[in-house]
Amino acid sequence: MAGYDSGSIVGAHYLDGDHAASEGAIAAGCNFVAGYPITPSTEVVERLAWRFPITGGTFIQMEDEIASSIAIQGAVWGGAKAMTVSSGPGISLMMEHIGLAAMTEVPCVFVNVQRGGPSTGLPTLPAQADMMQARWGSHGDYEVIALAPSSPQECFDLLIHAFNLSEQYRVPVLFMMDESIGHMTERVVIPPSKQIKLVPRRFTKLGPGEYLPYRAGDDLVPEMTQAGVGHKVHITGLTHDEQGYPVMNADCQHQLVTRLVDKIRNNVDKIAFYHEDEIEGADVVVVTYGITSRVSMRAIRAARQEGLKVGHLRLVVVWPFIEEYIRSLAGKVKALVVPEINLGQMVLEVERCARGQCEVVLVSHAGGTVHNPQVIYDAIMEAGR
Amino acid sequence: MTDVAETCVQENPVERYLRMDRIPHIWCPGCGIGTTVNCFARAIEQADVDLEKLAIVSGIGCTGRVAGYLNFDSFHTTHGRAIPFATGLKLANPDLKVVVYSGDGDLVAIGGNHFIHAARRNADLTVICVNNFNYAMTGGQAAPTTPLDAMGTTAPYGVCERPFNLPFLAKSCGAVYVARWTTYHVRQITKAMVEAMNKDGFSFVEIISPCPTLYERRNRLGSGLDRMKWFKENSVIKNGSDTRNIDIAYQQPIICGKFVDIDRPSLLEVTEAKIGDIRGKQRWADVSRRQKKSIEQTE
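Protein chains in written order, with my numbering: chain A, 47 to 431; chain B, 16 to 314.
Please note: incorrect hints may appear among the correct ones.
[Unchecked claim] Think about it this way: if two alpha-carbon atoms lie no more than 30 Å apart in a straight line, the pair counts; the simulated DSS-like pairs of lysine-lysine are:
(1) A/240 <-> A/251
(2) A/316 <-> A/251
(3) B/307 <-> A/240
(4) B/307 <-> A/243
(5) A/309 <-> A/355
(6) B/68 <-> A/251
(7) A/309 <-> A/243
(8) B/214 <-> B/247
(9) A/240 <-> A/355
(10) B/308 <-> A/243
(11) B/253 <-> B/214
(12) B/247 <-> B/206
(13) B/289 <-> B/307
(14) A/316 <-> A/380
(15) B/308 <-> A/240
[Said to hold, decoys possible] Some residues of chain B that are not near chain A, with every Cβ distance over 10 Å (derived):
(16) 35
(17) 43
(18) 49
(19) 53
(20) 63
(21) 170
(22) 237
(23) 256
[Claimed, not checked] Pulled from the structure, derived: some chain A residues nowhere near chain B, Cβ distances all over 12 Å:
(24) 261
(25) 380
(26) 408
Since the hints were derived computationally from the structure, they do not count as laboratory data.
Backbone N, C-alpha and C define an ideal beta-carbon position, used for all residues, glycine too.
Go ahead and model the full structure; you've got the sequences and the hints to work with.
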């Protein structure tokens with residue numbers, strides 16, 4: 047039974063991941079989306095173009111993904127909560143503006159419905175091969191937050207969380223869906239708006255003259271403002287001081303870039319979360335994220351039936367990476383098995399953090415479909431022997 | 016004797032619009048960008064603009080630095096992308112007056128796609144383009160505006176490509192206001208900026224500027240002052256000219272004037288007519304019912 051509540055379609059629905067993400071954006075209070083058609087993410091913007099007129103949002107189809115990825119940042123400075131959506135080649139075009147959002151600390155969300163690459167690749171088929179791009183795709187040192195939903199329900203729930211994290215830390219948040227999740231249709235329950243916790247933008251209370259757009263407190267996150275309220279801010283992608291003015295020297299670069307990175311790195315425990323399943327006492331732990339976590343569950347169940355102690359660690363926030371957790375886990379298990387639909391990306395992080403304390407096994411897949419659970423099962427059994 | 020302090024200490028009328036804590040600026044002696052900023056500061060006093068709600072958006076390059084010197088909400092964005100940034104800013108906050116202030120390379124080379132689409136959709140923006148015929152910040156490379164045969168560091172034997180005729184480009188894509196002046200024409204620039212800012216929709220002002228350090232020096236065209244004299248003697252004012260006939264050829268007369276001043280519903284007007292009603296009057300009613308029915312049917 048569907049109801050209406052602040053524009054959200056409250057109740058149980060049968061939605062695919064793309065549509066659930068659209069509804070998540072509405073529930074998160076997103077009121078500006080710029081996008082450009084690209085498979086398999088188009089349904090997200092199609093639904094928002096249809097839904098926004100009654101929820102009070104603005105959708106604009108821009109001339110390309112470059113334009114979309116910066117139009118949303120203009121909108122944020124206009125006071126909006128904003129998001130863009132793309133896939134593969136479109137996300138590659140957006141990379142410069144993920145850097146701009148990191149540098150100018152613009153809270154916004156980039157949804158990436160991953161498809162097979164490189165280049166035009168496999169537009170209609172899944173992959174998880176943009177995980178390192180999500181972290182390192184723009185030039186220079188910076189940190190972002192990235193989440194990986196594994197169901198349409200999570201596309202709804204976690205997209206709200208993505209907006210909350212972007213507001214709390216003033217960072218671009220990448221929402222790493224994939225074609226399977228985007229086009230998978232399942233039951234999605236949308237709660238009443240009063241049950242949804244939203245993190246409001248941290249607008250400054252300081253007046254013109256007192257407010258410095260890049261002066262941060264102990265949490266290293268400066269307060270926000272918007273255009274037209276009298277602060278007369280200057281915002282630049284150049285290295286800038288607390289006032290936002292360009293300063294071309296090593297000291298200012300050090301202060302700024304270190305803060306941009308530390309505001310995330312110092313808060314990994316607060317930002318990153320994951321699901322644990324029978325980790326305690328496990329000999330083998332399967333480390334998964336996104337669609338692959340669901341495929342792996344069959345393999346894990348089968349291995350447990352054979353008497354093997356198999357744990358399942360599902361990363362929900364993939365960046366920042368849970369370095370210390372993996373390091374400690376690696377000291378307690380025989381092996382970490384990492385299935386992913388790429389030729390080895392997050393496994394590099396797992397290996398780095400494991401520091402040789404246990405075996406790290408990649409179960410790779412070039413993309414185009416999900417793993418056969420048998421392959422993951424074989425890898426678990428081999429690692430647990 | 017008169018009081019020296021009284022006679023000497025008078026505030027420059029444009030100072031209040033500048034970030035004086037950032038002066039001196041980076042522009043070279045003889046550069047025309049500062050002249051245009053001076054005109055702009057005078058134009059905003061005359062235009063129908065709430066200065067609290069004025070936002071300046073620049074891209075990258077010498078003219079891209081304008082945002083950093085104007086004492087308003089100002090955004091120095093990425094190379095070529097001032098227009099899409101400004102489009103988002105304006106759509107999210109229609110109360111703002113959004114002015115894009117950037118150079119030729121930024122706006123019509125790397126940013127050319129955004130330029131034509133903003134004009135096509137009649138985005139509610141005023142775009143001021145300082146055209147100095149080259150990429151100056153990076154040292155004088157040829158641009159899509161460099162006249163045929165002129166030299167640039169990347170065109171050491173002279174440019175082989177026909178340049179853009181910017182007023183024609185803007186007009187044919189749908190701009191509602193188009194003017195071109197040189198930095199010699201300070202009063203006309205100011206007036207054009209006022210008129211452009213008072214328009215709803217996409218208004219465009221091209222200002223031909225000297226770049227004595229790079230374009231003029233490489234092409235042996237003299238100093239900034241020589242160039243101003245040349246502009247004075249070689250500009251032909253032809254208001255209302257057909258923009259097809261105002262190409263700029265190397266060291267040939269420059270046709271200046273106001274070429275387009277028409278009315279056409281702007282992006283915001285059309286959007287509000289279509290969607291504003293739904294949002295306002297009928298909210299939760301017709302569309303909501305239709306969406307609800309459709310959601311129930313498909314899901």
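Cross-check of the supplied hints:
{"no.": "1", "hint": "A/240 <-> A/251", "result": "holds, 26 Å"}
{"no.": "2", "hint": "A/316 <-> A/251", "result": "holds, 26 Å"}
{"no.": "3", "hint": "B/307 <-> A/240", "result": "holds, 21 Å"}
{"no.": "4", "hint": "B/307 <-> A/243", "result": "holds, 25 Å"}
{"no.": "5", "hint": "A/309 <-> A/355", "result": "violated, 38 Å"}
{"no.": "6", "hint": "B/68 <-> A/251", "result": "holds, 19 Å"}
{"no.": "7", "hint": "A/309 <-> A/243", "result": "holds, 22 Å"}
{"no.": "8", "hint": "B/214 <-> B/247", "result": "holds, 28 Å"}
{"no.": "9", "hint": "A/240 <-> A/355", "result": "violated, 41 Å"}
{"no.": "10", "hint": "B/308 <-> A/243", "result": "holds, 28 Å"}
{"no.": "11", "hint": "B/253 <-> B/214", "result": "holds, 21 Å"}
{"no.": "12", "hint": "B/247 <-> B/206", "result": "holds, 18 Å"}
{"no.": "13", "hint": "B/289 <-> B/307", "result": "holds, 20 Å"}
{"no.": "14", "hint": "A/316 <-> A/380", "result": "holds, 28 Å"}
{"no.": "15", "hint": "B/308 <-> A/240", "result": "holds, 24 Å"}
{"no.": "16", "hint": "35", "result": "holds, 12 Å"}
{"no.": "17", "hint": "43", "result": "holds, 17 Å"}
{"no.": "18", "hint": "49", "result": "holds, 18 Å"}
{"no.": "19", "hint": "53", "result": "holds, 19 Å"}
{"no.": "20", "hint": "63", "result": "holds, 16 Å"}
{"no.": "21", "hint": "170", "result": "holds, 26 Å"}
{"no.": "22", "hint": "237", "result": "holds, 31 Å"}
{"no.": "23", "hint": "256", "result": "holds, 29 Å"}
{"no.": "24", "hint": "261", "result": "holds, 16 Å"}
{"no.": "25", "hint": "380", "result": "holds, 46 Å"}
{"no.": "26", "hint": "408", "result": "holds, 36 Å"}
When held up to the earlier numbered hints, the structure conflicts with 5 and 9 and fits the remainder.
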